[in-house]
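Participant: As a plain string of letters, each chain reads:
Protein chains: 2
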Amino acid sequence: MPYVFDFDHDHGVAPRTLKAVLGGKGANLAEMASTLSLPVPPGFTISTEACAAALRGARPPGLDDEVDAAVARLEAKVGRRLGDPGDPLLVSVRSGAPVSMPGMMDTVLDLGLHDASVEGLAAQTDERFALDSYRRFISMYASIVAELDPAPFASLVDEAREADGAATDAQITVPSLRELVRRFLALVREGTGQPFPQDPRTQLAGAVDAVFRSWAGDRAVAYRRREGIADDLGTAVNVQAMVFGNRDDRSGTGVGFTRDPGTGEARPYGDLLVNAQGEDVVAGIRATEPLDAMATHFPAAHAELLAAFDRLERHFRDMCDVEFTIEQERLWLLQTRVGKRGGAAAVRMAVEMVADTRIALTHEEAVRRVTADQLDQVLHPQLEAHDAKRLLTTGLGASPGAAVGRVCLTSDDAAEAVDRGEDVILVRVETSPEDVHGMMVSEGILTSRGGLVSHAAVVARGWGKPAVVGAEALDIGPHGFRVGDVEVAEGDVISIDGTTGEVLRGELGLTAAEPPPELETLLGWADEIRAGHLGVRANADTAEDAQVARAFGAEGIGLCRTEHMFLAEDRLPVVRAMILAGGPDEEHAALERLGVVQEADFLTILQAMDGLPVTVRLLDPPLHEFLPPTHDLEVREATTGLDEEEQRLLEAARSWAETNPMIGTRGVRLAVLKPGLYGMQVRALLAAVHRHLEAGGDPHVEIMVPLTVTAAELALARSWVEEEVAASGLSAVGRGAVTIGTMIETPRAALLAGELATSADFFSFGTNDLTQLTFGFSRDDVEGRLMNAYLDQGLLPANPFETLDVDGVGALVGSATDAGRRARPGLKVGVCGEHGGDPASIAAFVAAGLDYVSCSPYRVPIARLAAAHAVLDARAAAG
Amino acid sequence: MPYVFDFDHDHGVAPRTLKAVLGGKGANLAEMASTLSLPVPPGFTISTEACAAALRGARPPGLDDEVDAAVARLEAKVGRRLGDPGDPLLVSVRSGAPVSMPGMMDTVLDLGLHDASVEGLAAQTDERFALDSYRRFISMYASIVAELDPAPFASLVDEAREADGAATDAQITVPSLRELVRRFLALVREGTGQPFPQDPRTQLAGAVDAVFRSWAGDRAVAYRRREGIADDLGTAVNVQAMVFGNRDDRSGTGVGFTRDPGTGEARPYGDLLVNAQGEDVVAGIRATEPLDAMATHFPAAHAELLAAFDRLERHFRDMCDVEFTIEQERLWLLQTRVGKRGGAAAVRMAVEMVADTRIALTHEEAVRRVTADQLDQVLHPQLEAHDAKRLLTTGLGASPGAAVGRVCLTSDDAAEAVDRGEDVILVRVETSPEDVHGMMVSEGILTSRGGLVSHAAVVARGWGKPAVVGAEALDIGPHGFRVGDVEVAEGDVISIDGTTGEVLRGELGLTAAEPPPELETLLGWADEIRAGHLGVRANADTAEDAQVARAFGAEGIGLCRTEHMFLAEDRLPVVRAMILAGGPDEEHAALERLGVVQEADFLTILQAMDGLPVTVRLLDPPLHEFLPPTHDLEVREATTGLDEEEQRLLEAARSWAETNPMIGTRGVRLAVLKPGLYGMQVRALLAAVHRHLEAGGDPHVEIMVPLTVTAAELALARSWVEEEVAASGLSAVGRGAVTIGTMIETPRAALLAGELATSADFFSFGTNDLTQLTFGFSRDDVEGRLMNAYLDQGLLPANPFETLDVDGVGALVGSATDAGRRARPGLKVGVCGEHGGDPASIAAFVAAGLDYVSCSPYRVPIARLAAAHAVLDARAAAG
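Protein chains in written order, with numbering that gives the first Met the number 0: chain Z, 0 to 878; chain D, 0 to 878.
Honestly, the hints are just simulated from the structure, not real lab data. Any given hint might turn out to be false.
Same chains, same label: a pair holds when it works inside one copy or across any pair of copies.
To be verified - No farther apart than 25 angstroms at their CA atoms in a straight line, the calculated lysine to any residue pairs in the SDA-like style are these:
| # | residue 1 | residue 2 |
| --- | --- | --- |
| 1 | 18 | 696 |
| 2 | 18 | 197 |
| 3 | 76 | 124 |
| 4 | 673 | 798 |
| 5 | 673 | 785 |
| 6 | 673 | 151 |
| 7 | 388 | 178 |
| 8 | 673 | 483 |
| 9 | 18 | 264 |
| 10 | 673 | 224 |
| 11 | 18 | 563 |
| 12 | 18 | 178 |
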């Protein structure tokens, strides 16, 4: 097998399928040059295998001969010779890995210039251009191939510019350029102990080896580790004849897209610069013209480009982008690839390409064309492109979308500012139920403490409101906050990005969250694909949440947290009365009062989800969450003193305080200690079922017991529910509308799932807690400092709270599902943790055979899409 | 199959093997009456199967006829008739389950008395005795058979005593007794609507049914649930002719033991009362004579009893106890069983019975004869028998043994009091490292908060010092504590029992912890049995601990916690300096200072364990454990203000404070954040290895990484250790003395044990944390209120922190061991959690194929014994 292939080599198969050998860039160049017969400047690709061998210390001995032969063929095709002092052939050398990979050497241009050929180039073009190209080539070569420090080269350029009084490099005079070249050559000689190579073959061999080396560079290795790319793939190297768009006014250069990458509209799109090189387009120094202007400047080349666009779209069956150059009215395509696009464009293109008979995507293909990240973009406002200098810090992106507003430090201030008509970002160390009114009116929420399940994060996600949490660099004072040396005062405007976790100074533009009209069509196709595989429900605690979820396509509620009902401002005193109760009678009275309000809550939720299942989790959090923090009361006790009511609250808070509340008295444990609690909740729920049935509704209720660890516990809790059902006077239809199940959120529950299934109609994996316990990772404590260290050092492939840990937690999910279904065939199994809205995790849940996932209402469309992707992947993997 | 068997029935097999049918008492009575031909008052046993059938609602229809026939045979043997008005046969009716079971009906005596036969009995004995027997029988019958409230009967007796001016019931006059009988009969008639049955057969049928019913009584059911005894076994009923030791001075009664149950000495032992009934011995109203006195009073009966003792020991091959009665110089044995004994006696008897040629126990049998509880008794001082009224409350028995001393509320007070020569019990809400000096000098420790792994519990166990923790009823004030209405002031004497958790008022006598000389022999036999199965190591953090452990027979250290070295008074400031360090240099300097002291600590431990393995756990606890509590500092900040040093401590404490420290930044996670930390510890350890080798010692060091969750983490930590080993300049022998392994204490580590094993030379299960995480049970929070509720309600069979949860945690231990050994054959696997010293858990570890357990030094003898028991059980189960 040779290591070097001309672009127009006959591979026997479509070159685009040979990315592993030719790299992405090389494969597409070969595709254009051979299959599509498009005008590509000739060249050749050195295969990834040569690189891999070289990195193994076994650089193929015949490689240089192969390269020489390829250069000879190239020279013959172009009619110029590399290093020819009269009319030299110049080449570019670019890396091109099988997968796009930042952190590697990109390009060496103008290779082939030396002291003699630069004069030939000057004669063919002009002296300024030739000298400028030469000094650029020397410094590029020096830094990349000879690995010299680039700073002295840059300093010399700065000096020359100053000496000439030039504003830009382009205004440096020819004599200065000539001097620069001289001094650059001297720098190389000093640095390497060798003169700058005047033999183009030495230059080329050096550039090729530099590309090989860059595969093993630190940044490239780190990137591969992060992305899980194998180290032994290697990169290809593309050597291509240079063409010059800056030869004269009959030349030009540009970038074109076969469709508008911003909107997805099916019309050619791009930028053009007359008499310029590709670099000038990228550098943005001169104003570009729209692509349409090419029809005026170069009508023939324009027609040829549009024909090429059509050809590329038909061939790649997707939107492509192209780098092109016109040299003396002749069109050359330098590179093509499937083009990047924004979220809205991705959706529109995918749907339109189904109808486009030239492309005729299937529904499956269209669904695959849109990524979860692209969907996220169209569902939430995004920050417009911005200067990195505005970045204050990065916290945890806790609820996607961007927001802009004035800093308010308390919920009361936020409410007042909103009343005055201001947009507000609420900035708190952490939030508590007492902040809810301020959170509700704010555009976004920013906290300095807490993880992705902190109060702020959970509440914001439930409302689809942008939030950044755990931004530990924030030092919040009474009148503003500080990040390092930067002070931000109350009332100052900041911008936050709840997707990336960025916190920025000042007001940034927002792109609207405007789902394109094609979205419904696309999600409909996604639903077709996932039908019979994975349902998508939402986590929703209120009728409003339920309505939003239903509008987003949720097929039921997978998690209705009843504690959020307890935290409402008018109920907290009743909950506290229950906790402080002096005896069973007082406790019972408080429970009954709670029952009345819960019944009304449940009824509105059942109405909003009429005909669809609603999973109600019985009370889960530790009781101290309903009490004020002991710390505050103790400090007040030591200073101003406490009144009698506060003293009782302090005693209760101390009595229920726990060292590790996450693994303390929570969930069904609470109900074992306060046996009336679950009974009250179930009675309220059954009363709501009764009323909804009476009104002609169609309720489906799944009563869920949290934090189970033993079969005896679940059997006991089930008996409480069954007693209430028996005593409820519900009709047979009503009784049939109620099932009883458990969360699986402790490792023990997963290990003993077979036993638990005998008392459960369904399982719902609480993968947040299951991850916390399987790893022994308290989210509140490890997200941030520790998790960042683990991700940076490659100790974890991903944050297991964002993406399911397939090997550990996933193994428990799989084995518990299997054991549960063996014990009870047909057992319904779902997931209601955060992972239910994460695409990578959804794939694991499809593989485990789960019936549904449940996520926050605003994640439902993403879950629908990701579930379809997972089904398609599984189908593809099965052959 | 008949349901009724005479005691002398020929079963064809030894009746003692028929306990399932005859119950324990009935089987032994039959054994004496038939096989051994000992003088047993005739009688018969109604089988457990009759009871089981009756409880199923299928009382055997022929049962009454069988009983009638048996009564007729009994009457023929005795020569008296049941209910005969002249010389009536009286019988006792006793329950006798297959296993000894409190909570069931015990005995109805004198059945067969009625208005006519009581006069016959009076004529045969005396009037007082006959009437007293009758009123007792009526009231016993009323409460047990007719299920009437016993209170009115007791009130009438009180009235009669008062009316007669009698000090005891024995002084009630005959007319009063006659009146009592009359009023008792009236009470029965009122309560049941029926006259008291005058037909002895009706009485008998009622008593038999009452025994049957008592099997299903609440207390019996609760007991069976707790002990895991099946509900469908049923109990047997024994009906036996009564004999009267109180007939005259030629009669008497007593209890005898074939050996001394207190000391184990091989000589008959017991109590005798002339002219008395068995009840009188139990009631303790009259002073008993020692058994030897029988030689004077009843020489023939005495000789017969000694012969019976010899017969019983030869037959049961164990020490037996006997209830006996002498009626007019004739000896009757009423009951026998293998006798209960104290710990010291159990050890002595087991060893002596090997040498005793009449019994000739094998070593295996001798080892089986001593329970772990009995061994515990001889290793720790125990409280002497005491009045229940002294009990203040019961906490968690955290460190076995009993202690007596004056209440001290601070460690400084404790130290001063001990200087004055007082014995002290340190009473604290909870303890912290700052209390260590007070704990060290106290006789015992009592806390109102915290579980079995709280600071107080762990430290006390390590020292073998009695401790009761989590005694929540204690309300500790500045000058004493309150339990309910009882006030205990500073300086008052209390007694605590760290085995049972009891806290008692005043000074109780202590039995010495004096292991009998036979213990070493017995434990040597235990070691023979467990050799090749399960090693026993100790958890020891200091050279002193290590010496104690070695003296108790530990075969190495399974867990040396390096944090205890950090907590010593002179090191805490250095640890804090490391935490507060302003930069890497300060941090490094502090680490080096710690390294110097750790090296010295390690060297003394290696010396103490010369030739045996020492497992050193690298630093594990969260850093805030080395800082003062934020709460204290914050209250001071709000009141008196803080100085600069305190302010820095507060900031550090806040920065390292965690919501759930148990699952926060601990173990190897800490080392990832503070990379110099483990390097310092390993260097110090290797330096100690080097010095010990130089001095001709034989070190074996196992370096253990705590809280691992991923293979990458362990590989990283292993690389740190290997770098230090490579840089240490150790000889090949020295390097060979060092192995590297990990704790398995998170579910994920257990699930991915196969991966972890590739970087581990050994595993050590940290079953405390593994239990916490598998259940999601924070020990500090759930032990006490919640755990008690779970145990009371049968939701857990045992506290999983005391006895390994075989189904959940045990399954992880088993599968991780197997996976680890598949990945690395010969992988050494041990346990270093609390369960390593628990007999029931040790059985599970033997079954899982573990190499060793490690427990606190004072538990080592128990673990040696329990391991032998587990091996014997496994051998027996294998057939």
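Participant: Take the hints in turn and mark each one as holding or not.
Facilitator: Status of each hint after checking the structure:
no.: 1; hint: 18 x 696; verdict: neither (58 angstroms within a copy, 63 angstroms between copies)
no.: 2; hint: 18 x 197; verdict: neither (34 angstroms within a copy, 105 angstroms between copies)
no.: 3; hint: 76 x 124; verdict: within (21 angstroms within a copy, 138 angstroms between copies)
no.: 4; hint: 673 x 798; verdict: between (36 angstroms within a copy, 21 angstroms between copies)
no.: 5; hint: 673 x 785; verdict: between (37 angstroms within a copy, 11 angstroms between copies)
no.: 6; hint: 673 x 151; verdict: neither (75 angstroms within a copy, 37 angstroms between copies)
no.: 7; hint: 388 x 178; verdict: neither (35 angstroms within a copy, 105 angstroms between copies)
no.: 8; hint: 673 x 483; verdict: between (48 angstroms within a copy, 23 angstroms between copies)
no.: 9; hint: 18 x 264; verdict: neither (29 angstroms within a copy, 90 angstroms between copies)
no.: 10; hint: 673 x 224; verdict: between (50 angstroms within a copy, 23 angstroms between copies)
no.: 11; hint: 18 x 563; verdict: neither (53 angstroms within a copy, 58 angstroms between copies)
no.: 12; hint: 18 x 178; verdict: neither (43 angstroms within a copy, 112 angstroms between copies)
In summary, the numbered hints that this structure violates are 1, 2, 6, 7, 9, 11 and 12.
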